[in-house]
Amino acid sequence: MDYENSMRLEIPSKSENEAFARAVVGAFASQLDPTVEEISDVRTAVSEAVTNSIIHGYENTHGMILIEASIKNNLLKVEVTDKGKGIEDITAARQPLFTTKPELERSGMGFTVMETLMDSVDVFSEPGKGTRVVMTKKFNSIA
Amino acid sequence: MDYENSMRLEIPSKSENEAFARAVVGAFASQLDPTVEEISDVRTAVSEAVTNSIIHGYENTHGMILIEASIKNNLLKVEVTDKGKGIEDITAARQPLFTTKPELERSGMGFTVMETLMDSVDVFSEPGKGTRVVMTKKFNSIA
Amino acid sequence: MQLNLKTINKTLIVSAFGEIDHHTSEEVRDKIDRYIDASSARNIIFDFTGVSFMDSAGIGVIIGRYKKISPLGGKFAVTGANAQVKRIIEISGILKIARYYDNVDIALSNM
Amino acid sequence: MQLNLKTINKTLIVSAFGEIDHHTSEEVRDKIDRYIDASSARNIIFDFTGVSFMDSAGIGVIIGRYKKISPLGGKFAVTGANAQVKRIIEISGILKIARYYDNVDIALSNM
Ligand SMILES: Nc1ncnc2c1ncn2[C@@H]1O[C@H](COP(=O)(O)OP(=O)(O)O)[C@@H](O)[C@H]1O
Ligand SMILES: Nc1ncnc2c1ncn2[C@@H]1O[C@H](COP(=O)(O)OP(=O)(O)O)[C@@H](O)[C@H]1O
Numbered sequence: 009m010d011y012e013n014s015m016r017l018e019i020p021s022k023s024e025n026e027a028f029a030r031a032v033v034g035a036f037a038s039q040l041d042p043t044v045e046e047i048s049d050v051r052t053a054v055s056e057a058v059t060n061s062i063i064h065g066y067e068n069t070h071g072m073i074l075i076e077a078s079i080k081n082n083l084l085k086v087e088v089t090d091k092g093k094g095i096e097d098i099t100a101a102r103q104p105l106f107t108t109k110p111e112l113e114r115s116g117m118g119f120t121v122m123e124t125l126m127d128s129v130d131v132f133s134e135p136g137k138g139t140r141v142v143m144t145k146k147f148n149s150i151a
Numbered sequence: 009m010d011y012e013n014s015m016r017l018e019i020p021s022k023s024e025n026e027a028f029a030r031a032v033v034g035a036f037a038s039q040l041d042p043t044v045e046e047i048s049d050v051r052t053a054v055s056e057a058v059t060n061s062i063i064h065g066y067e068n069t070h071g072m073i074l075i076e077a078s079i080k081n082n083l084l085k086v087e088v089t090d091k092g093k094g095i096e097d098i099t100a101a102r103q104p105l106f107t108t109k110p111e112l113e114r115s116g117m118g119f120t121v122m123e124t125l126m127d128s129v130d131v132f133s134e135p136g137k138g139t140r141v142v143m144t145k146k147f148n149s150i151a
Numbered sequence: 563m564q565l566n567l568k569t570i571n572k573t574l575i576v577s578a579f580g581e582i583d584h585h586t587s588e589e590v591r592d593k594i595d596r597y598i599d600a601s602s603a604r605n606i607i608f609d610f611t612g613v614s615f616m617d618s619a620g621i622g623v624i625i626g627r628y629k630k631i632s633p634l635g636g637k638f639a640v641t642g643a644n645a646q647v648k649r650i651i652e653i654s655g656i657l658k659i660a661r662y663y664d665n666v667d668i669a670l671s672n673m
Numbered sequence: 563m564q565l566n567l568k569t570i571n572k573t574l575i576v577s578a579f580g581e582i583d584h585h586t587s588e589e590v591r592d593k594i595d596r597y598i599d600a601s602s603a604r605n606i607i608f609d610f611t612g613v614s615f616m617d618s619a620g621i622g623v624i625i626g627r628y629k630k631i632s633p634l635g636g637k638f639a640v641t642g643a644n645a646q647v648k649r650i651i652e653i654s655g656i657l658k659i660a661r662y663y664d665n666v667d668i669a670l671s672n673m
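Protein chains in written order, with our numbering: chain A, 9 to 151; chain B, 9 to 151; chain C, 563 to 673; chain D, 563 to 673.
Keep in mind that the hints were calculated from the coordinates and are not lab data. Hints are not guaranteed to be accurate.
Stated by the list, open to error - Coverage of chain D stretches by chain A, computed from C-beta distances (three or more under 8 Å per stretch; other residues unrestricted):
{"hint": "1", "region": "563-571"}
{"hint": "2", "region": "617-630"}
{"hint": "3", "region": "638-652"}
As the list claims (entries may be wrong) - Quick list of in silico lysine-lysine cross-link-like pairs, DSS-like style, CA-CA up to 30 Å:
{"hint": "4", "chain 1": "B", "residue 1": "K91", "chain 2": "A", "residue 2": "K91"}
{"hint": "5", "chain 1": "B", "residue 1": "K80", "chain 2": "A", "residue 2": "K80"}
{"hint": "6", "chain 1": "D", "residue 1": "K630", "chain 2": "A", "residue 2": "K22"}
{"hint": "7", "chain 1": "B", "residue 1": "K22", "chain 2": "C", "residue 2": "K637"}
In this text, a Cβ means the ideal position worked out from N, Cα and C, and glycines have one as well.
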């Protein structure tokens, strides 16, 4: 039987919304009857992507972040989109330890964390236009 | 000091999203450092409004529900909007025990619950166009 | 939605677990009605000890079951509600048709 | 973000409570740095027993403190992480610069 659901959340780029964003996607994913670990992985990956939009995309100025999630059977897709400054070199940005904000003590591990915890991570970005991170994860709890 | 935040959530009119919608607004309201009772009140009111959009607005057909919430200092505003069938007589609809779906064992207490638990409830509706319920609640936990 | 149903002295004790809303209420209703039809229960105790959340959909379920058993002269009680559920029960006026008891044992001794 | 800081035998024990992300990390960082500057601590134990969630912002905090104390020859340990926090610690490669111990007592006896 095919099961489908979706959500679309818009929030302002405030750092207190990092916790809110991961809570929302975690609650959405809970329909998949996930294990604690699966939910943790999704919450962590969302936290990384949303934080990046706040710090790097909007550089702590005001902007909106769009978080879309959809479920198709046991596959979760999460997209985090900002209209911020964008990424010059996506391949470089995805390298472990690469960061353009060392002064903020960023570890450069955000993309690495997303890639490790999710099954796929795609990054679409254009300097001056914004960034979209598309992540998927297959949940094993329901077949 | 002025504190502001907002969120905008769109979900399809599926009954399993009733629990998700109240969880999201509950998580959003938790910034207000609420009491357990304040959070319960908001969760319950959101559950009523979203359920009404699903059952009465879209009559269990497919449609989108928009849930907007904003915080200004200690005031929470929640708006639930559907593009469903609308309400002919809003005054009648708000009466306790009034329901157009007795066959679904609706108690007709939805609006009464919202009015009791929130500080204000405004209903805007046009037959054939849709319904918007606007609710506010002042949280006492932060001054 | 987990539901435990058992009969003691012609009183059906319904113990629900989880959240009762429109989404879960249909299953609750169907299970109770099938049980009532197959049993000799006359009275009903709704035990909410395991219910973390209920909205007016739950009220509809309670009133519906009341309508089903009251013609046969059955008694009706609710027990074990947390603060949120109690609030809904109070707002709904259900306490005009059902008595509230702290727990199932006290309710049973009043049936 | 609640933080408990204490020094035992020149080892600073940082016990954090709650969720460590970009939003909360600044406060964590500032509190630790002020404490280090005012104390005679040489080593640091990060105790995560009270931390329910951490993302890579927490890694930044740990590495930053490591850079602060390592020139003085200090030792570095992390303890008490739940499964989610442990995952982040593993992914980050932090275990190349810090040892992991199950609890603070064991960590202390290895400082
Ligand atoms: N949403 C975004 N907008 C603009 N730049 C971004 C965005 N996300 C990531 N980046 C860039 O990619 C780099 C690496 O990101 P990441 O691996 O998450 O590490 P960190 O956030 O610790 O810097 C960032 O330093 C930044 O330059
Ligand atoms: N979103 C909506 N769209 C259309 N009609 C609605 C909507 N919300 C409420 N109504 C109408 O108002 C009536 C009363 O609503 P309510 O007090 O919540 O009771 P109930 O949902 O139990 O019927 C409903 O029976 C319905 O006719």
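Hint check:
Look at the region 563-571 of chain D against chain A: 0 of its residues bring a Cβ nearer than 8 Å to a Cβ of that chain, fewer than three, so the hint is violated. Given as covered by chain A, the region 617-630 of chain D passes the check, having 8 residues with a CB less than 8 Å from a CB of that chain where 3 are the minimum. Evaluation of the coverage hint for the region 638-652 of chain D: fulfilled, as 4 residues show C-beta separations to chain A shorter than 8 Å, against a requirement of three. For the hint pairing K91 of chain B with K91 of chain A, the CA-to-CA distance comes to about 28 Å; that is within 30 Å, so the pair holds.
Straight-line distance between C-alpha atoms of K80 of chain B and K80 of chain A comes to about 37 Å, which puts the hinted pair past the 30 Å bound. Annotation: proposed proximity of K630 of chain D to K22 of chain A holds, straight-line Cα distance about 29 Å (limit 30 Å). Distance hint between K22 of chain B and K637 of chain C is unfulfilled; the C-alpha atoms sit about 36 Å from each other, more than 30 Å.
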